[in-house]
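Could you build the full structure based on these sequences and the hints that come with them?
Chain by chain, the residues:
Protein chains: 4
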Amino acid sequence: MVQTTKEACVRTAEQYLEGLRDAREVYYRGERVDDVVAHPELGIAARHGSLDFAFAEENPELAIAEGHSTYYHVPRSAADLRRRSALIEQATAFAATLVVLVKEIGTDALFALDRVTSGTDTHGRVEAYFESCRDGDLALAVAQTDVKGDRSKGPSAQADPDLYVRVVERRPDGVVVRGAKVHTSCTPNVDELIVIPTRALAEGEEDWAIAFAVPVATPGVKLYCSDYLHADADPWTRPVSSKHKMIETLTVFDDVFVPAERVFLDGDTRRAGQLALTFVEYHRFTAVSYKLPLVDALVGLALALAEANGIQRASHVRDKLVALVGYAETVRGLIHLAADRCRIDEATGIAYPDPMTTNIAKWTFARDYHAAVEKVIDIAGGLLVTGPAGDDWRSDEIRPVLEKYLAGAVPAAERLALMNLASDLLAREYAGYQSVLAVHAEGSLEAEKLMIARSYDPAPAVAYARKLAGL
Amino acid sequence: MVQTTKEACVRTAEQYLEGLRDAREVYYRGERVDDVVAHPELGIAARHGSLDFAFAEENPELAIAEGHSTYYHVPRSAADLRRRSALIEQATAFAATLVVLVKEIGTDALFALDRVTSGTDTHGRVEAYFESCRDGDLALAVAQTDVKGDRSKGPSAQADPDLYVRVVERRPDGVVVRGAKVHTSCTPNVDELIVIPTRALAEGEEDWAIAFAVPVATPGVKLYCSDYLHADADPWTRPVSSKHKMIETLTVFDDVFVPAERVFLDGDTRRAGQLALTFVEYHRFTAVSYKLPLVDALVGLALALAEANGIQRASHVRDKLVALVGYAETVRGLIHLAADRCRIDEATGIAYPDPMTTNIAKWTFARDYHAAVEKVIDIAGGLLVTGPAGDDWRSDEIRPVLEKYLAGAVPAAERLALMNLASDLLAREYAGYQSVLAVHAEGSLEAEKLMIARSYDPAPAVAYARKLAGL
Amino acid sequence: MVQTTKEACVRTAEQYLEGLRDAREVYYRGERVDDVVAHPELGIAARHGSLDFAFAEENPELAIAEGHSTYYHVPRSAADLRRRSALIEQATAFAATLVVLVKEIGTDALFALDRVTSGTDTHGRVEAYFESCRDGDLALAVAQTDVKGDRSKGPSAQADPDLYVRVVERRPDGVVVRGAKVHTSCTPNVDELIVIPTRALAEGEEDWAIAFAVPVATPGVKLYCSDYLHADADPWTRPVSSKHKMIETLTVFDDVFVPAERVFLDGDTRRAGQLALTFVEYHRFTAVSYKLPLVDALVGLALALAEANGIQRASHVRDKLVALVGYAETVRGLIHLAADRCRIDEATGIAYPDPMTTNIAKWTFARDYHAAVEKVIDIAGGLLVTGPAGDDWRSDEIRPVLEKYLAGAVPAAERLALMNLASDLLAREYAGYQSVLAVHAEGSLEAEKLMIARSYDPAPAVAYARKLAGL
Amino acid sequence: MVQTTKEACVRTAEQYLEGLRDAREVYYRGERVDDVVAHPELGIAARHGSLDFAFAEENPELAIAEGHSTYYHVPRSAADLRRRSALIEQATAFAATLVVLVKEIGTDALFALDRVTSGTDTHGRVEAYFESCRDGDLALAVAQTDVKGDRSKGPSAQADPDLYVRVVERRPDGVVVRGAKVHTSCTPNVDELIVIPTRALAEGEEDWAIAFAVPVATPGVKLYCSDYLHADADPWTRPVSSKHKMIETLTVFDDVFVPAERVFLDGDTRRAGQLALTFVEYHRFTAVSYKLPLVDALVGLALALAEANGIQRASHVRDKLVALVGYAETVRGLIHLAADRCRIDEATGIAYPDPMTTNIAKWTFARDYHAAVEKVIDIAGGLLVTGPAGDDWRSDEIRPVLEKYLAGAVPAAERLALMNLASDLLAREYAGYQSVLAVHAEGSLEAEKLMIARSYDPAPAVAYARKLAGL
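Residue numbers (our numbering), protein chains in the order written: chain F, 1 to 471; chain R, 1 to 471; chain Y, 1 to 471; chain V, 1 to 471.
Keep in mind that a hint or two might mislead.
Claimed, not checked - No farther apart than 25 Å at their CA atoms in a straight line, the calculated lysine-lysine pairs in the DSS-like style are these:
{"hint": "1", "chain 1": "R", "residue 1": "Lys-404", "chain 2": "V", "residue 2": "Lys-153"}
{"hint": "2", "chain 1": "Y", "residue 1": "Lys-320", "chain 2": "F", "residue 2": "Lys-153"}
{"hint": "3", "chain 1": "V", "residue 1": "Lys-243", "chain 2": "Y", "residue 2": "Lys-467"}
{"hint": "4", "chain 1": "R", "residue 1": "Lys-153", "chain 2": "V", "residue 2": "Lys-320"}
{"hint": "5", "chain 1": "F", "residue 1": "Lys-320", "chain 2": "V", "residue 2": "Lys-153"}
The set of hints was computed from the structure by calculation and includes no laboratory data. Remember, it's a predicted structure, so these values are computed and weren't measured experimentally.
As structure tokens, then:
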């Protein structure tokens with residue numbers, strides 16, 4: 001029987017927003033922010049974050065499992081992974097192509113921590129922490145990418161040892177950490193911050209082999225928000241980005257004390273690398289799942305704009321439409337398959353998506369994203385960047401001119417609504433945001449290629465070639 | 001319990017070969033061929049054809065189902081389609097990357113005939129014919145592609161009405177057909193020839209709306225073989241193509257009488273188009289299944305050659321290897337998914353692979369095949385086309401020179417064996433054969449794009465885009 | 001001897017700006033603009049327009065020819081075209097990658113008008129107009145692209161005949177025109193507006209076969225500006241777009257009277273199509289010339305960012321750098337060649353760049369632009385969209401944090417300056433502007449392909465193939 | 001005044017062929033060859049080689065300069081390089097798309113030797129040798145690529161030191177060399193063999209830093225021919241490759257004595273690398289020049305086949321045709337530009353094509369060749385590999401059947417002639433030969449990318465980017 005949000009341990013959107021009002025140290029555009037919910041721009045991000053909760057209220061059969069948010073449901077089968085993927089996809093569609101990410105990434109990290117610490121002393125801490133997050137239906141951010149300094153050097157070879165987050169003091173009751181992470185998404189509007197290593201570490205780099213979690217409002221945790229998505233919030237020209245926003249932070253740990261029960265890994269360089277990779281195994285699966293509404297929107301926009309412009313029967317347009325469909329459905333197909341081909345971690349019984357298939361899906365998405373965008377731009381036309389302002393459209397004097405002259409094969413109101421959506425998704429800041437994320441988020445194209453190489457078993461193909469060669 | 005070939009209605013390779021010795025009218029390189037099995041070149045094709053039978057003897061658990069060849073097993077579920085795909089893939093691997101195709105394509109056509117004639121008068125004929133083929137474990141060819149003449153015109157607009165196969169006389173006991181089909185594979189070494197239309201037909205084109213089957217040895221059926229794969233049969237330089245061959249024919253119907261019980265469609269132009277497409281639905285699934293050993297061989301060769309040349313750690317080589325793996329596994333993944341997403345024909349209960357996924361798989365294979373070949377060529381090196389002859393290698397005087405100077409990071413014997421395999425698969429006639437087939441066999445890239453467009457449901461994506469646009 | 005701007009008929013930047021203060025009817029963000037120079041945003045565009053004049057002051061040897069602006073120098077040789085290309089390239093580099101375009105496009109149109117009207121009654125009008133523009137060193141915009149309505153239909157088949165600009169009344173002393181053009185660049189900050197047809201016209205479409213020029217401040221000419229580039233003008237995060245702007249307008253002709261001496265073409269449908277194409281011949285050459293600073297900036301940025309991030313020795317980075325160099329230098333090489341291969345119009349002696357080479361250059365630029373951008377994004381990193389705000393950098397409290405943590409292989413100040421430039425060029429509004437322009441400006445990819453087909457002489461290649469085939 | 005071959009120091013085709021009859025030690029398919037001209041297969045290659053001489057007889061204005069073969073004309077200007085390029089292009093067109101290469105590559109090496117030895121003791125030897133070759137109008141091969149063994153190791157680190165050609169003894173009157181080169185083109189049918197190093201060498205590798213020349217018939221020089229192009233010589237199905245052939249050898253130096261006056265470099269490791277690169281500078285220019293007839297043939301074939309099949313108006317066909325034209329003309333344009341941008345070697349006054357432009361031209365050719373081939377295959381159709389044999393066409397019984405059924409929009413004789421040409425160029429052994437050469441000949445794609453990186457001056461682009469960034 002489907003549980004409603006009332007019966008389950010899940011919070012409402014309002015409860016979530018209320019929980020964000022605390023002493024967290026957040027900076028935006030040069031100023032300390034008092035209240036992230038009330039803030040005109042960070043508030044948009046906070047309300048976007050609340051959509052995970054609102055979605056659950058409207059879709060309990062998908063979003064609630066065994067009395068908790070389905071995000072917290074530990075996957076043990078292909079069906080669990082399929083459901084998780086469907087939840088992420090549909091919640092992102094609900095959130096207008098922008099992933100909500102206040103539980104998605106955090107649970108990816110928790111599943112990874114659960115598996116990697118299995119059989120170690122800290123496994124109990126992970127489990128206790130997992131339960132407290134799940135039962136409190138908390139919102140989580142994950143800080144993984146260190147600022148890294150000179151990328152040709154490892155943590156210990158940097159001019160400044162703080163360029164990777166590290167332990168600067170070990171006490172009986174916990175550790176003190178210093179350093180900074182970048183690209184931490186949603187930090188200003190979550191409850192908890194999980195911190196994990198960014199890469200494999202060498203012997204002698206024990207101080208950088210640290211994983212832990214702290215409430216965002218912990219003293220010494222300082223969030224410097226990017227204002228990249230700061231822009232004119234006209235909902236007519238920016239139908240998506242005026243209402244949906246995700247904030248990334250430079251997340252500084254200014255000698256932050258972490259109590260022992262929240263330290264999940266300390267000094268184990270081998271497990272540090274394992275944790276980084278295990279997290280990524282889940283997180284790329286999450287990533288492809290949440291890219292699906294965006295690629296669907298590209299396909300749908302291309303179809304709708306072709307019709308609005310009266311060019312849907314032009315042969316080059318049909319060719320581009322097929323390429324877009326092929327792209328979108330290849331990515332979707334591969335991520336479904338990654339779930340269906342899931343593997344079960346022996347030690348814990350936790351399921352994870354097939355790494356090779358997941359990475360091929362992500363690589364396919366990222367490799368062809370820019371070409372897909374270009375095709376939709378081609379179909380849309382130059383009006384994407386030469387169209388009128390919202391104030392023009394709302395002007396009684398100007399609007400009739402636009403209605404007369406910017407009509408296509410459909411009325412101007414319809415054509416311009418589609419054009420504005422396209423401009424938002426394909427040309428403006430939000431487009432650039434998605435474009436850069438396509439290349440870099442959840443690991444770069446190069447990282448995905450590396451993982452494909454690692455997860456592919458070459459033995460059968462080589463044996464077959466050698467047999468054909470008579471060897 | 002697995003049945004062995006002895007218990008089941010399946011023939012041995014010898015029985016199959018014996019069955020090919022009849023009055024069939026076959027021409028090769030300007031001459032009438034008396035005995036296709038004894039012929040030095042057609043015999044290679046015949047023995048290649050026999051591998052479907054030999055494979056069944058060795059792999060009854062996969063190749064025999066309910067007392068018959070699994071090829072004849074009518075698919076009714078995803079599992080059936082997966083098994084069929086696995087059989088085709090493994091039998092092709094057994095046959096050294098060249099599909100055997102003496103039952104694969106024929107059963108594709110039979111399933112299509114079964115579905116399309118369902119509810120019509122001729123359905124019983126199809127079923128009777130199917131059972132006789134299955135029970136006799138017959139080998140089948142399918143002639144679909146008409147010679148077409150001027151491709152900008154349909155059958156009825158051609159200067160010569162015979163450029164599409166057509167009925168020239170209707171008698172009470174059957175029909176007389178005239179015309180020719182091209183690209184008919186394996187015709188000289190099968191028992192039966194199934195003939196189906198190549199395209200949708202218009203009203204007034206009833207005479208071209210004809211589907212039927214005849215034994216190959218029927219009077220008036222004349223097979224003009226292509227000698228494209230005629231070449232030096234040195235097994236050292238051509239480890240695959242010297243032993244494996246498929247023969248295509250120009251298949252002429254010189255006023256051939258077809259008895260009524262073997263006429264499956266006559267005059268129904270609507271069903272003619274339906275039959276063409278339904279056949280293709282199965283046949284592209286078959287096609288991608290049998291391409292997998294070839295793409296695996298490319299990957300395996302690239303890996304083995306990189307090592308043989310001592311370049312496996314070069315960064316550009318690793319990059320190419322990943323791209324090859326991504327290609328091979330995307331194609332494999334999509335065809336698995338096409339089976340898993342199978343649909344069930346309502347009228348007959350027969351399963352068919354998801355058309356969109358099948359066509360995306362085929363399109364991906366065909367679109368990227370040449371780039372994949374180029375990558376393996378890049379890794380292999382120029383020796384592909386400047387290497388020694390088999391007679392050089394077998395010469396006591398010359399071989400030591402080759403052993404000294406053509407060694408790589410492995411001995412010359414091993415490196416040259418791999419190089420020769422690569423030359424066979426990537427550069428020589430067989431390579432060209434595969435290269436052209438990649439573009440044209442089972443429908444061109446353009447045909448696949450058309451089917452992707454047709455089988456994709458645009459409504460959800462358009463609705464989503466419109467919702468995002470506020471429409 | 002090189003003439004200085006003082007001796008020649010050229011205006012200063014100030015004179016140009018002063019000339020923009022008249023009764024022109026300009027709308028921006030819903031409001032009528034009184035003074036386009038004083039306006040906070042349109043003023044940026046006006047000052048950007050003034051760079052053509054400022055550049056001439058600093059570079060008279062290139063920018064002044066025979067006593068006038070070199071833009072007005074009618075090309076009669078390859079050397080003239082090379083000089084024009086160099087002027088456009090260097091002026092655009094001076095203007096920080098954004099073409100100035102207040103003389104470039106206008107003279108493209110004037111050369112085309114000169115050639116196409118040669119031998120007709122209106123040729124003298126064109127010449128007189130040309131001289132007045134040249135001698136007054138006027139700034140010019142060109143309105144070509146009609147709003148077009150339903151693109152599957154021609155002008156006469158539209159629901160509203162005004163969707164292509166047309167003559168609604170012919171008087172002895174001139175004509176009255178109605179309709180609208182889109183994508184008109186720089187209109188608010190030029191002196192004169194030249195209007196030409198957008199496409200070939202059929203018989204019966206004489207009213208749409210109209211070319212003319214009017215001062216921007218002509219009654220009935222209404223300019224509705226796009227506010228696409230309206231954005232936060234922080235010069236730290238947007239080093240280029242905060243200071244450089246081009247404004248496109250929807251240019252409405254609300255029953256505008258054009259005196260006879262300014263009507264260059266009226267009713268000649270054949271010449272209308274010719275004029276559209278001849279203009280484009282020049283304008284694509286202009287376009288590729290002004291794209292060079294942008295592609296150079298991509299290459300330079302990629303190199304500088306690779307070093308700033310410490311990844312310049314990573315093999316995938318080197319591979320991307322070479323691809324960028326190959327792209328930039330192919331485009332540059334082809335446009336040089338288009339000038340060197342120039343042709344001379346027989347009737348007028350005016351030179352024009354080789355159409356095939358020009359279109360291949362433009363097609364190459366446009367086809368590969370998005371892939372080039374993607375490569376630079378790949379090298380830059382995610383900080384492109386997660387970096388700090390200008391107010392952060394200017395904050396005494398926050399800047400030290402950024403200096404400590406966002407340093408790379410170079411200090412943070414340097415790395416962030418490069419990152420901000422990259423964000424401006426590759427991700428933000430200006431990036432989207434360039435991205436859409438790459439596909440659509442000066443004709444779409446499809447239009448360029450069409451022109452390649454038209455300007456290529458197939459006879460030699462076909463004759464050669466036939467000879468090889470023994471035909 | 002144009003000199004005819006009679007007045008100039010040039011030989012006739014017959015004289016050239018006569019000169020090949022000597023004691024040279026040539027092996028083909030396991031047998032020693034007595035007379036390379038009389039040999040049924042090597043004779044084809046010899047007669048192909050004679051086309052350079054026959055071409056000169058027919059085209060003295062292009063092929064003869066100042067009394068000698070134009071190939072021997074030392075380039076001192078852009079015009080000289082353009083003429084050299086035109087000669088190579090037209091001679092290759094004359095030779096049916098297969099470069100003749102009996103003077104092209106040899107003079108590339110001579111120009112390089114001239115420049116690199118300038119100022120050294122051996123420069124006089126080079127000049128004397130050059131003059132003797134020129135005055136005798138000799139045919140030359142160049143052996144550069146060592147067999148290399150394990151490519152991850154340099155010459156001195158190989159298990160067998162002979163895997164790079166080296167000096168094994170130094171005598172007062174000359175040196176003794178041992179080792180082997182691969183991919184040496186035309187060796188069996190030239191007079192002289194020039195040997196140069198394949199790569200930069202390190203200190204301690206002096207013995208491998210050797211360049212010299214010997215007559216092919218020198219004792220100890222053993223040529224092991226590749227039989228890759230050995231095939232059915234039916235001129236109907238193979239209109240090009242049945243008559244044109246180039247033979248590559250494994251060229252073994254079995255303790256060959258080289259007299260001092262023919263030793264051009266010995267022990268100078270720095271100049272060894274310089275020589276390898278300088279040769280390549282010329283040879284890639286030669287290479288692109290001789291690829292032009294092949295790419296023209298692809299374009300011409302595509303156009304002719306589209307018409308023969310009746311598909312020239314299909315939109316996807318037009319799209320492919322434009323892509324082919326764009327490809328062919330970009331390659332041609334860039335190599336013209338490489339000549340126009342030539343540089344002059346300061347020490348010798350010898351001109352050389354601009355290295356960056358040459359390498360971009362070669363990279364463009366190689367990078368897109370396979371995609372171009374695929375497009376022509378797409379237009380041609382499956383008949384490429386399923387068509388009839390020459391014996392079928394010559395059979396009185398069968399030919400009428402083929403004429404009836406294989407007609408397209410043109411008669412079968414014409415369509416099949418084009419189809420056979422296409423099969424020869426795109427699918428059969430010769431196609432594979434060209435396909436592998438596209439990737440590997442005259443340096444691989446990776447080598448070209450390396451040279452683009454080296455020859456590009458990054459300073460201006462970086463300075464521009466930094467200036468834009470405010471640095």
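Hint by hint, here is what the structure shows:
Restraint check for Lys-404 of chain R and Lys-153 of chain V: satisfied, since their Cα atoms lie roughly 17 Å apart, inside the 25 Å limit. For the hint pairing Lys-320 of chain Y with Lys-153 of chain F, the CA-to-CA distance comes to about 21 Å; that is within 25 Å, so the pair holds. Simply put, Lys-243 of chain V and Lys-467 of chain Y have alpha-carbon atoms about 14 Å apart, close enough for the 25 Å limit, and the pair holds. Proximity of Lys-153 of chain R to Lys-320 of chain V is assessed by CA-CA distance (about 21 Å); at most 25 Å being required, the pair is judged to hold.
Among the hinted pairs, Lys-320 of chain F with Lys-153 of chain V is inconsistent with the structure: their alpha-carbon atoms are about 47 Å apart, more than 25 Å.
In summary, the structure is inconsistent with hint 5 from the numbered list given earlier, while agreeing with all the others.
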